[in-house]
Amino acid sequence: MSWPKSLPRQRVVICGSMAFYSTMVELGHRLREANIPCVLPDIDEVLPGISVDSADADDLKRKASMRHIRRVRDQRTFAILAVNLDKHGLPDYIGANTFAEIAIAVAHYKPIYLYQGIPAFYEDELLAWRAMPLDGQLENLIRDFTDKNQDQKLQWDLFDEGDTDDPE
Amino acid sequence: MIPNRPTFRRIFLHFFDVHYLELKTKNANSMRRRVHEECRRATRFAVLSAEEVLVPASSYFESPECFGIVSELAELFQYGYLNLVGSALNVQEFADAKLSQYPLGSPQYSSYKSLTVPAGDMPPFATRKNSSTADICAEWLRSGAAGFMEKVAKISDRKVISLKNVENRWGIVPELLDGRAFVLSHVAPLLFEGTPAPDILLNRLSGVINEAYFLSYTREFCAGIVADLNDLAAPHAVPSFDSDLPFKPLLRRSREVGLLDRIDRADVSELLRIRDSDEWKLCLAAACGDYDRKISAASLGEYMKRGGVDDAIVGIITALPEEFAAVSSVFGCNDTFSVSGQGAGRKYAEAQVTTKNRSVIKIVVGLMTDMGNNSAAIRATHMINHFQTIKNVLMVGIAGGVPNPSSPKDHVRLGDIVVSDQRGVVQYDMDKELPTEIECRSRPRPPGASLIEIVQHLEADALLGKRPWERYLSDSMKRMGASWSRPSDESDVLKGVQHPQDKDRQCGQPKVFTGTIASANKLLKNPEKRDALRDIFGVKAVEMEGSGVADATWNSEVGYIVVRGICDYCDPQKNDDWHNYAALAAAAYSRALIEAL
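Residue numbers (the numbering used here), protein chains in the order written: chain A, 1 to 168; chain B, 169 to 765.
With the rest of the complex left out, here is chain B (with noise of 0.2 Å):
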């Protein structure tokens, strides 16, 4: 049986970029015809496998091994399946932004000074909402100087180098460019104050530049790498969300059956009719098996080296992919991996973050196959199976919020957060239906004290002014770009409603609310209903996975607790608008929860 071709919607080959291609090929000729054919393979597999195939513009202008490989498959440019991608409107917009970046009289400046390929020559051009050097600052911001300071603390060079020098001027080398490329050769003399580092240091900050100027584009674009490289491979992970291509397990099942040679010597003409062959679904479904299994066995060895299995205290469930985005973007996870077994629950997102006392406490995150309880008791059951040392679980998400007009300050609003308190999560679909009456069923599930001690303690930090959640969500909302920014107030309607006056309220930031919330196993869009739930039980915000969530953790014995940011009102005329919003306020709120553990 000839299994349908697994989906690579789009495969972005960050290994095209100039400086990597440098690094790998600098003193050994030998190694240069190597790395061409490897650069070579690679596209062509990813050719032949993803929807989309996207390279980076400054790749293809600036390296004359992009711009050779990418031009001998020029007849596929009419069909968009291969994209440059590049922060401008188009090709000269672009050539001049990097104009102004690069020194003059560099290699970089005369590629771009004497450009000549007519735009009808080249793959079309699609522009980035971002840009990489934006993203890699604020990356570089968002991460700090203490994940690198970490990896040389061993580094005997001390000596020579200050590392608390580094340290403190971490933060000020965005500022010290000036407008110039993030590269290596710009930022290190700024952190090291024109000593000369030593190698392994270079390449170590090469790594953390690298690993940023990809996040930027596989993030934006949601696509997959060509992964297990061979000569390729970088010294740092390389994040990408979505299914990524291996290479090797493709190399060795495309010789065995004979395919490499032909995909090698092929014409545009021969590369479609092998994509669209059996011959090819099936070296690919097989090697995406094999290198399934390999990531499995090794992610979970690796996870468990580091310590992962056995220090993972705290898990993370998600319902929906933007819920998963705005965590990962808010903690800074690493590439997910996957655990063995079977079926679906396996993939998580890792994460450390730094408490007030110093400790470190480690963090996975899940995202459900589906919304509602029953996926979320599954998903929750699976995590603290997986990771044995969990001692609290987190529902964190977007939910429909209860408003309150008479009484202002339990009116709960677009954009605020509810976070459950001791009454934890009600389960209004758990009743005894009567004729006459309903009567609820749900059984009382208290999130975990240590938790709820922790949000009151924040509780209390923020009558005092300190309310850490703000400042993970202002920088995950420039990271992320203006889809995530806050919709404005004006789109903050509660129909047939005035928003009454709140003088607690901090104007363009989201008020914490706790209280019970309510979950059952349905969508509401019923203002009725949501205002009964109020008024009997006291509920702040409606959701659908808090239940599960709650069940499955009593069950294991570990703490929840359930942190949402409200997207809508309950009713029929609830939209999406507010829900990247929602989302991050979760997730920042989510951190400096966890922080204060």
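Isolated chain A, as found in the complex (with noise of 0.2 Å):
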């Protein structure tokens, strides 16, 4: 048996309300160029011109939040980082579907990013799950992200030199 030659790449699942979206954009081409894969949200529109009825409206927003609910939790996962900008006046903002997400994302045992400030919302929870807030800068996220991919690398490495035999 041959070892992998390449290994599934991690990577980072941006997640944060549609009306951040952006920003969640612009984040994203960010740590591409930082040689980080990301994945946002899809969006969950209702085309214009397309009836729906509220039935049908909600199946498409429930199978949009399952399929980034996935995304989270998928073992290729890195760790979230939840966009929270301002909303309504309040600092920070986490909506629920987004707290939704950093819930599944700890107990799958991801780290979490709050690309601003730790909400005063969800503060107990946050602290208590190890949310890191970046106050709009990515370099700690971009540090820790490559730090790991590192380490893997390195480990891969040393089975990798020159012998394709299965070591056992």
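Treat the hints as calculated values from the structure; they're not laboratory data. Be careful, since some hints might not be right.
Said to hold, decoys possible - Computed cross-link-like contacts, DSSO-like style, restricted to lysine-lysine with a CA-CA straight-line distance of at most 27 Å:
#: 1; chain 1: B; residue 1: K577; chain 2: A; residue 2: K87
#: 2; chain 1: B; residue 1: K679; chain 2: B; residue 2: K742
#: 3; chain 1: A; residue 1: K61; chain 2: B; residue 2: K462
#: 4; chain 1: B; residue 1: K462; chain 2: A; residue 2: K63
#: 5; chain 1: B; residue 1: K559; chain 2: B; residue 2: K515
#: 6; chain 1: A; residue 1: K63; chain 2: B; residue 2: K577
#: 7; chain 1: B; residue 1: K416; chain 2: B; residue 2: K577
Said to hold, decoys possible - Chain B side only, calculated, beta carbon under 10 Å to chain A, not exhaustive:
#: 8; residue: R201
#: 9; residue: P364
#: 10; residue: R372
#: 11; residue: L488
#: 12; residue: P489
Note that this is a predicted model, so its numbers are computed, not measured. All residues carry an ideal CB built from backbone N, CA and C; glycine is no exception.
Now that you have both chains on their own, put them together as the hints suggest.
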């Protein structure tokens, strides 16, 4: 048996309210520029001109949520980045959907990065879950991702140097 | 039973702000379609619900999005449902003014330079009294840097941006702008002295500016907004002065009954039919109910989380809308919120005041549903029950003054301020009527001792030339506009009496008196009765709510005080000319009082 030449690449899953989508896209670009793959939520849109009733609209929304939750849980997910801009006058806003995704990430031992600070509303929970506020800077997330993936690469490289035989 | 359609007098379409829309759609073309759809639906919901829909003229001319969506409704223009608002007499003057605010070559400059829409093909143009730039400047100076600094206090980039310098430069930004538009791209380089600021600072700064911009419109027009938006939700609170139209509940309800599709596809005639239909009335009523429940739960929850319920220690009660507006302006109140429950008396504005010893006092402000002592007592009781940490309640508003021409130092004039002293309020309609005499049976209700002590200190400070209420009054007058200015002294006429000379009176400023305040469930226009109250009880002002508040606070064992701006002389010549100024004067003094707690 050969050791795999390439590892499934880790990625960051970006979460947040649709109201912050343009910022999420921008952050996605910046992470990719730092060689970090990332995934954004789908836009759970009802296409204009297409008539849907409430049940269908809810169904679309639910399916979009489930798809993103699966991404959060996925073993390739290194961490989640919750984009928590200000909303409705509340600083560092995290809505119900995003909070649910954070909780699922915690349950699967994924680190939580908050793009801004820790919102007062969920402070106790987020501190207990060791959510890391980035205060609008991505450097810590980039560093942590790079360090983690460098370690893993080094480990794989140890077994990879010119020897394809199963060490067993 | 078909409910009456909930009333929305005026809705201001804040989300069409150009910079706002740009922020929502930059980097993400996929969002453009969603944002466009939400703007379009929100506009149509507003047209279906409100008596008047207001569109910022700058958005109409600078945003292709806004122009397109509003132009679809061109047939409505003749009915006056949809109006542009701008600070100019007409479109051409508006465009000329805008050209001087934007640099040559900028997209905005080009939009105004090439204005080609004939006047007949655009919505009616409604002239604003106030300039949004001037209002934003005033709000910028009034609020100061404190709120912004608090929000960015934890930002680690204080190493790059000196927050101390930001605090120092805050006050001179309007001057440095030198007439240019008060927008982020102009303000940020001035505030941060050219240093590139991190996005988180810029976003929050943009929020401060936008909030003041929207406040400028909604306050002038007493308008509500389309609230509870999805993708167009604002980072900051959007101040409103009337009922807000709830977007998400309307979206859900209209979709449930199959109306949404019709609204999306409707031409103007069909929209007008939908507007008058029972289906829409039911849908709107149901959506408003959903929203009220959501807001009550969220407001109280959020308020508790922010420590509001636990921390509100001063309550202010006002009886009239102009009194509430005056207090809101002087204290910089946030949006109103409702506490849960049934019936009236659950809506409040909140504010915070930093005292001289740097502690923060949270204030809640309530507006009574009606004048009179009964309503005042009910409102005060509700307030004390809703916010159980309240220690003091202020009754703030206007009153009739009791002149004393024979004693200049006791002669109350229009625009003066009267504050209840240790004798408190005398309820002069609580009496025993005998055939030959009337015996007053008002119970003593002294105001709170700590408040009286503060009033004494303010009086001492005034003797030393310190009158902080004068600055609050002056700032608020500028902010509120001409109708809130001090009327001329020529209009301060006391029939048949020459006002005595008073060397202690500052020209153009209210004089502050402390004394007994008379209160009853009657509007007094009888100078003989007024003078009798003065001679028997030493009364300096007459009003209609003080004893209700005094009784309610006495029952609940919290302190109270009454602060009144004088607007008439309780005589048949009384009119409304001094109402606004008097309301502001009372509010300004109240602020000085609370800051000294």
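Verification of the hints:
no.: 1; hint: B:K577 to A:K87; result: violated, 53 Å
no.: 2; hint: B:K679 to B:K742; result: holds, 20 Å
no.: 3; hint: A:K61 to B:K462; result: holds, 20 Å
no.: 4; hint: B:K462 to A:K63; result: holds, 25 Å
no.: 5; hint: B:K559 to B:K515; result: holds, 19 Å
no.: 6; hint: A:K63 to B:K577; result: violated, 77 Å
no.: 7; hint: B:K416 to B:K577; result: violated, 60 Å
no.: 8; hint: R201; result: holds, 7 Å
no.: 9; hint: P364; result: violated, 13 Å
no.: 10; hint: R372; result: holds, 7 Å
no.: 11; hint: L488; result: violated, 27 Å
no.: 12; hint: P489; result: violated, 24 Å
Going through the hint list in order, the structure does not satisfy hints 1, 6, 7, 9, 11 and 12.
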